Amino acid sequence: MKTLYLLAVLPLGISMPAAVPAQSQEVSITEWLVPWPESRPRDPYVGPDGMVWFVGQRKDYVARFDPATEEFELYDLPMGAGPHNLIVASDGAVWYAGNRAAHIGKLDGETGHIEEFPMPDGAGDPHTLVFDGQGHIWFTVQQGNMIGRLTMATGEVDVVTMPTRQSRPYGIVVEDSGRPWATLFGTNMIATIDPVTMDLQTIETPNPDARIRRIGLTSDGAVWYVDYQLGALGRYDPESGAIREWAAPSASSSRPYGMAIDDQDRI
Numbered sequence: 001m002k003t004l005y006l007l008a009v010l011p012l013g014i015s016m017p018a019a020v021p022a023q024s025q026e027v028s029i030t031e032w033l034v035p036w037p038e039s040r041p042r043d044p045y046v047g048p049d050g051m052v053w054f055v056g057q058r059k060d061y062v063a064r065f066d067p068a069t070e071e072f073e074l075y076d077l078p079m080g081a082g083p084h085n086l087i088v089a090s091d092g093a094v095w096y097a098g099n100r101a102a103h104i105g106k107l108d109g110e111t112g113h114i115e116e117f118p119m120p121d122g123a124g125d126p127h128t129l130v131f132d133g134q135g136h137i138w139f140t141v142q143q144g145n146m147i148g149r150l151t152m153a154t155g156e157v158d159v160v161t162m163p164t165r166q167s168r169p170y171g172i173v174v175e176d177s178g179r180p181w182a183t184l185f186g187t188n189m190i191a192t193i194d195p196v197t198m199d200l201q202t203i204e205t206p207n208p209d210a211r212i213r214r215i216g217l218t219s220d221g222a223v224w225y226v227d228y229q230l231g232a233l234g235r236y237d238p239e240s241g242a243i244r245e246w247a248a249p250s251a252s253s254s255r256p257y258g259m260a261i262d263d264q265d266r267i
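Going by my numbering, the first residue of the sequence shown is number 1, and it counts up by one from there.
I should point out that these hints are in silico values taken from the structure, not numbers from a laboratory.
Among the hints, a few may not be true.
Stated by the list, open to error - The following label-pair restraints were derived from C-beta to C-beta distances:
id, residue 1, residue 2, range
1, P208, S177, 15 to 23 Å
2, T154, A247, 18 to 26 Å
3, T111, D263, 29 to 37 Å
4, P120, A153, 14 to 22 Å
5, D262, P48, 17 to 25 Å
6, S177, P120, 20 to 28 Å
7, T30, G122, 39 to 47 Å
8, E156, P48, 20 to 28 Å
9, R255, E204, 18 to 26 Å
10, A247, T151, 38 to 46 Å
11, P206, R100, 33 to 41 Å
As the list claims (entries may be wrong) - Within a straight-line C-alpha distance of at most 25 Å, the following computed DMTMM-like cross-link-like pairs (lysine to aspartate or glutamate) qualify:
id, residue 1, residue 2
12, K106, E175
13, K106, D60
14, K59, E115
Note that the structure is predicted; figures quoted are calculated from it, not measured.
Just so it is clear, CB atoms sit at the ideal spot from N, CA and C, and this is done for glycine as well.
Using the sequences plus the hints, can you model the full thing?
Quick look at the structure:
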């Protein structure tokens, strides 16, 4: 067990001062060694029963970890699947992005059975998956330059191609209404799609050199993002169109990669 001193990051509002004093808090972190070396375990997801699921990107597997028993269980995926991330549905089904094998897979954790849903032409590398709570999975297609939607009941896949070449759709989140928001990592833009009409809207952030990697939503409807290239946190207000950004303390050397927002809107 490790004892670390972490900084509590405070939510940033429009009236926020330029600097926020750090708050020191002692927390304990327990680590477990994944038993499959050099497999690049990534993108853990806590299922509805408390099990922790993750993928082995280099060794083509989905795995489950039980925090109570500290036991790991491995499920082999088709060779060459190259899973990038996974999400776990309320019924326990595990959906994974077959990033190198042009499919989204559905794994039954009880039987190990896998059902594959192939991607349409050009959408060969599903990247990040997210549920919309309305029977769909929205996902990004980084190299294929698309954002897609899979209907879970039928396996039907719809995709929208980005108008800017090599825009590299990357991170994605979904509003309660079912509207997705995604980052275009090859550009300084974020994107959103009307889930009814499938019309696309792109929003350009202020600095053309920015590279927007991951994204989040707060309860006030604001869209937050991290700029990996320049080292900044940004906030977009869909109602007014206003954008505000804050530089990370170590600026461009900080390389903010991912983000999450908790139930108190802390980023």
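Tested hints:
At about 30 Å, the beta-carbon gap between P208 and S177 misses the expected band of 15 to 23 Å. Checked against the hint of 18 to 26 Å, the pair T154 and A247 fails, with Cβ atoms roughly 46 Å apart. Between T111 and D263, the C-beta spacing of about 34 Å keeps the proposed range 29 to 37 Å intact. About 18 Å separates the C-beta atoms of P120 and A153, a value consistent with the hinted range of 14 to 22 Å.
Between D262 and P48 the beta carbons are some 18 Å apart, a value that agrees with the proposed interval 17 to 25 Å. At about 26 Å, the beta-carbon gap between S177 and P120 stays in the expected band of 20 to 28 Å. Distance hint for T30 and G122: a CB-CB separation of about 43 Å, consistent with the stated range 39 to 47 Å. Judged by the Cβ atoms, the range 20 to 28 Å given for E156 and P48 holds: they are separated by roughly 25 Å.
Judged by the Cβ atoms, the range 18 to 26 Å given for R255 and E204 holds: they are separated by roughly 22 Å. Between A247 and T151 the beta carbon distance is about 41 Å. The supplied range of 38 to 46 Å therefore holds. The hinted range of 33 to 41 Å is satisfied by P206 and R100, whose Cβ atoms lie roughly 35 Å apart. Note on K106 and E175: the hinted pairing holds, with a Cα-Cα distance of about 23 Å set against a maximum of 25 Å.
A hinted pair counts as satisfied when its Cα atoms are at most 25 Å apart, and K106 with D60 qualifies at roughly 14 Å. Between K59 and E115 the alpha-carbon distance is near 19 Å, which keeps this suggested pair within the 25 Å criterion.
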